[in-house]
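Undergrad: Below, each chain spelled out in residue letters.
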Amino acid sequence: MATRRQFVVALGGTVAAVAARAAHAQQGAEAPGATMEGDGYVPVRRLPRPAAAKRLTPLERDAVERNLACPCPCTLDVFTCRTSMPCGFSPRLHADVVQLADGGYSADEIMAAFEQAYGEKILMAPHKQGFNWVGWIAPFAAVGGGAFAAGALIRRWGRRAAERRATSPVPIQASDDELARLEAAIRSDDP
Amino acid sequence: MILLGELSLWVALLMATWSATVSFAGGRMSRSDLVASGERSMYASVAFVALSSIGLWTALITSDFSLRFVASYTSANLPTVYKFSAFWGGQAGSMLFWCLILSLYSALTLVANRRRNRELMPYVTGTLATILVFFLGTTAFSANPYARLDWIPPDGTGLNPQLQNPGMAFHPPNLYLGYVATSVPFAFAIAALVTRRLDAEWLAAVRRWSLVSWLFLTIGITMGMWWAYVELGWGGYWAWDPVENASLLPWLTGTAFLHSIMIQEKRGMLRKWNVTLVVATFLLSILGTFITRSGVIESVHSFAQSPVGSYFAAFLVTAIAVTGFLVATRLRDLEARAELESMVSREAAFLYNNVVLVGIAFSVLWGTLFPIISEAVRGSKITVGPPFFNTVNIPLGLLLLALTGVGPLIAWRRASVANLKRQFAVPVAGGLFLGTALFALGMRDGYALVSYTLAGFVFTTIGQEFVKGVNARRRMHDEPVPVAFVRLIARNRRRYGGYIVHFGVVVLFAAFAGLAFKKEYDLSLTPGASFSAVDPYNRTWTFTSQGVSRYEELNRQVTAVVLEAKRAGMAPTLIKSEKRQHVDSRGQPTFEPSTEVGILESLRQDVYLVLHGVSGDDRETAEIRITFNPLVWWVWYGGIIMALGGLIVMWPQATRGGARRRAEGGYVVVMQPSERRPAEAPEPPVEAGV
Chain A
1 MATRRQFVVA LGGTVAAVAA RAAHAQQGAE APGATMEGDG YVPVRRLPRP
51 AAAKRLTPLE RDAVERNLAC PCPCTLDVFT CRTSMPCGFS PRLHADVVQL
101 ADGGYSADEI MAAFEQAYGE KILMAPHKQG FNWVGWIAPF AAVGGGAFAA
151 GALIRRWGRR AAERRATSPV PIQASDDELA RLEAAIRSDD P
Chain B
1001 MILLGELSLW VALLMATWSA TVSFAGGRMS RSDLVASGER SMYASVAFVA
1051 LSSIGLWTAL ITSDFSLRFV ASYTSANLPT VYKFSAFWGG QAGSMLFWCL
1101 ILSLYSALTL VANRRRNREL MPYVTGTLAT ILVFFLGTTA FSANPYARLD
1151 WIPPDGTGLN PQLQNPGMAF HPPNLYLGYV ATSVPFAFAI AALVTRRLDA
1201 EWLAAVRRWS LVSWLFLTIG ITMGMWWAYV ELGWGGYWAW DPVENASLLP
1251 WLTGTAFLHS IMIQEKRGML RKWNVTLVVA TFLLSILGTF ITRSGVIESV
1301 HSFAQSPVGS YFAAFLVTAI AVTGFLVATR LRDLEARAEL ESMVSREAAF
1351 LYNNVVLVGI AFSVLWGTLF PIISEAVRGS KITVGPPFFN TVNIPLGLLL
1401 LALTGVGPLI AWRRASVANL KRQFAVPVAG GLFLGTALFA LGMRDGYALV
1451 SYTLAGFVFT TIGQEFVKGV NARRRMHDEP VPVAFVRLIA RNRRRYGGYI
1501 VHFGVVVLFA AFAGLAFKKE YDLSLTPGAS FSAVDPYNRT WTFTSQGVSR
1551 YEELNRQVTA VVLEAKRAGM APTLIKSEKR QHVDSRGQPT FEPSTEVGIL
1601 ESLRQDVYLV LHGVSGDDRE TAEIRITFNP LVWWVWYGGI IMALGGLIVM
1651 WPQATRGGAR RRAEGGYVVV MQPSERRPAE APEPPVEAGV
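Protein chains in written order, with my numbering: chain A, 1 to 191; chain B, 1001 to 1690.
This is chain A alone, in the form it adopts within the complex (with noise of 0.2 Å):
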């Protein structure tokens, strides 16, 4: 079994390492070789693909930008800010969607590039992998959990409510409050 000694030095460690983590990652928050501008727009540009058709129809560019974050405080997609808030990010990055579409790009491909170019903040909503699990299912496990316990609950309380149905010998019409009631003035007549 670990000394206090060995708990406090592994959890200082384990503190530690995650600071590192946090300190390094944010260091290395910019994509290699973007170039961001004064206001954090950061341009997502791609030579067009040799003799590309167009493969995005109008209503699957739409989509791709309903999963792109506008950088600005609106907290929409890029798809919704662009018309409707005053915002500088968001018409530049449907003018880079415009572009990579126009370039022949897939859905995913452009996806990736503007991942790449702002990191996974530039997502709607974070993937389902590594330590994002815990935020898609803790919601989930909160409730299921909550429900367990509930019925357990529930359970427990039903067996007490028939053992207690079991040793009484005649059916009493009355509340529980009532028989509360009826136990205290016994208890206080008893000498």
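Watch out, some of these pointers could steer you wrong.
[Unchecked claim] Computed list of lysine-lysine pairs in BS3-like fashion (alpha-carbon distance at most 25 Å, straight line):
1. Lys-1519/B with Lys-1576/B
2. Lys-1381/B with Lys-1421/B
3. Lys-1566/B with Lys-1518/B
4. Lys-128/A with Lys-1381/B
5. Lys-1519/B with Lys-1468/B
6. Lys-121/A with Lys-1566/B
Hints are computed from structural coordinates only; laboratory data are not their basis.
Add chain B to chain A, keeping to what the hints say.
TA: Then chain B, alone, in the frame of chain A:
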């Protein structure tokens, strides 16, 4: 008046501090003079907070730009109504507004409990005064609306154009009324915990306040959705923005409490859980305020990052620690007096309803905070947007909808198989009939089909309950149907008001499901050009541009496009959308351009027009988006119905002869006051519904 207002703020802070101190001391030492002094100083705080608020309103209306707040949120040419509503348009004013509501609620609580709950009141007053001290202190020291500028500008910056909407005159006050009302049940919970008087007494006192909070939050959230829809121009009403989520959290836990309180009232159970819900609802309203004001999470609603955030964080931590300690040291006092007997009982259905409501609250909070957690663990930022919230919350929401229908159909304590068959037969048939009919008509969206099937089930459940109730009255009193219907509700407001709330929920879910069929079109139209589009009902519309026009209004330059909308069977109608550039009194642009959407409304769908710009050499080509939004109006109707149901539930019911006789779920509990012993006062009987 402004000097008086500023001075009043500081005096109110002193009065509230005195009130908190002597109220707790009076309660602890059983000194009625100190308790009375605490209450009087609370009334004085109300007067001084009111004076301070009047001072700020005076400065706003008279455009006193020597105040930083007035110069930052108004301009000389701002319409008066928006000068008035600018009070809550910025950080400092909204903090004072919070203080105003809290002090008024505190005074109402004291007045309502002049002769009731006297053992609890010193601690109730003390807790409310402590919360008021926090808000007044934060306002005075960190977000003072009376802070002066070094120089007086000729004009102010003006109010954000998106806040210049009638919705903003009502949406924030309603939300604040809801948030702040959670303070009163919290104060009673603290008082009950401190005094260990954890019987039915404190619950009776907090139930109505919990309903007040729930009602205002419902109205505030619905108005917020309406404002987002008509003003922001993105074609939707709920974006899972962190601040929207923050308003939903206390609503969810408050709704859970309003259901679980019935189990405690009826069976003396779930006492720990109810205290936890009351405390959690208050803390979540504070957390929501912290999220809005700290800048810790990005949101379109967020106020600029300010030191207020750290004040809120400290308050939150202290409140959690204090209530955690109180609950932990009173666990034995919170033991249940009875136990659930069966999985198939109304109590169990309510318990599962609570699990789902709190589960949804957890998932919303989790999704809101997960970007921070992820960044702390992995070091990389992520976005948690609508795809996450919809994936997680749609199934949970549907489960909740199903439970809304199940609860009223099951008997209290234990339901027999015969009872279940009798109760469920018609509602299940109703739900299946609607689902099958919609499938036969071509509906193929899975979630929408499940949603409408469940909506049919719950609607039939509610209808069945009303039909049974009305028939019973007709048999017993020989009343005509309308009279029996009205009296059924009037004589049993909690039960049938609750069903009306449930009906509002059904309407809301039906409207939400309509979003699955939304259709959008992006287009460029030169003057006279037409575009044909097919709506979700497969009807073809033709939109013809009437051209782009430019003109000036009071405080803005407007670029507008007008479209003529036509479809078979409907007279041609004009829809206009505007792009507005707001200007100050010198004609200088203020803020980024904003959008004013054009909406052609109907019960079936809205045709939603947004002008997002003009292009072409002559700037006459309108770049627009047309959206067909099915069933949107039913969202507002659903909210109105829920609020109406809440009002019915809240409305005081006269009792005859002191004894409250209420038949419930197959058995009757009657308590005569003479039977009650103070230390063992039984939980009063209650009814179903909210």
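Undergrad: If a hint holds in the structure, say so; if it doesn't, say that too.
TA: Right, here's what the structure says about each hint:
For the proposed pair Lys-1519/B and Lys-1576/B, the alpha carbon gap of about 19 Å is at most 25 Å, so the pair holds. Of the pairs offered as hints, the one joining Lys-1381/B and Lys-1421/B is violated, with about 52 Å between alpha carbons and a cut-off of 25 Å exceeded. Of the supplied pair hints, the one linking Lys-1566/B and Lys-1518/B holds, its CA atoms being roughly 19 Å apart against a limit of 25 Å. The hinted pair formed by Lys-128/A and Lys-1381/B meets the criterion: a straight-line CA distance of about 15 Å does not exceed 25 Å.
Our distance criterion of 25 Å between C-alpha atoms is broken by Lys-1519/B and Lys-1468/B, whose separation comes to about 42 Å. Only pairs whose Cα atoms come within 25 Å are accepted, and Lys-121/A paired with Lys-1566/B is rejected, the gap being roughly 42 Å.
This entry does not satisfy hints 2, 5, 6, going by the numbered hints stated previously.
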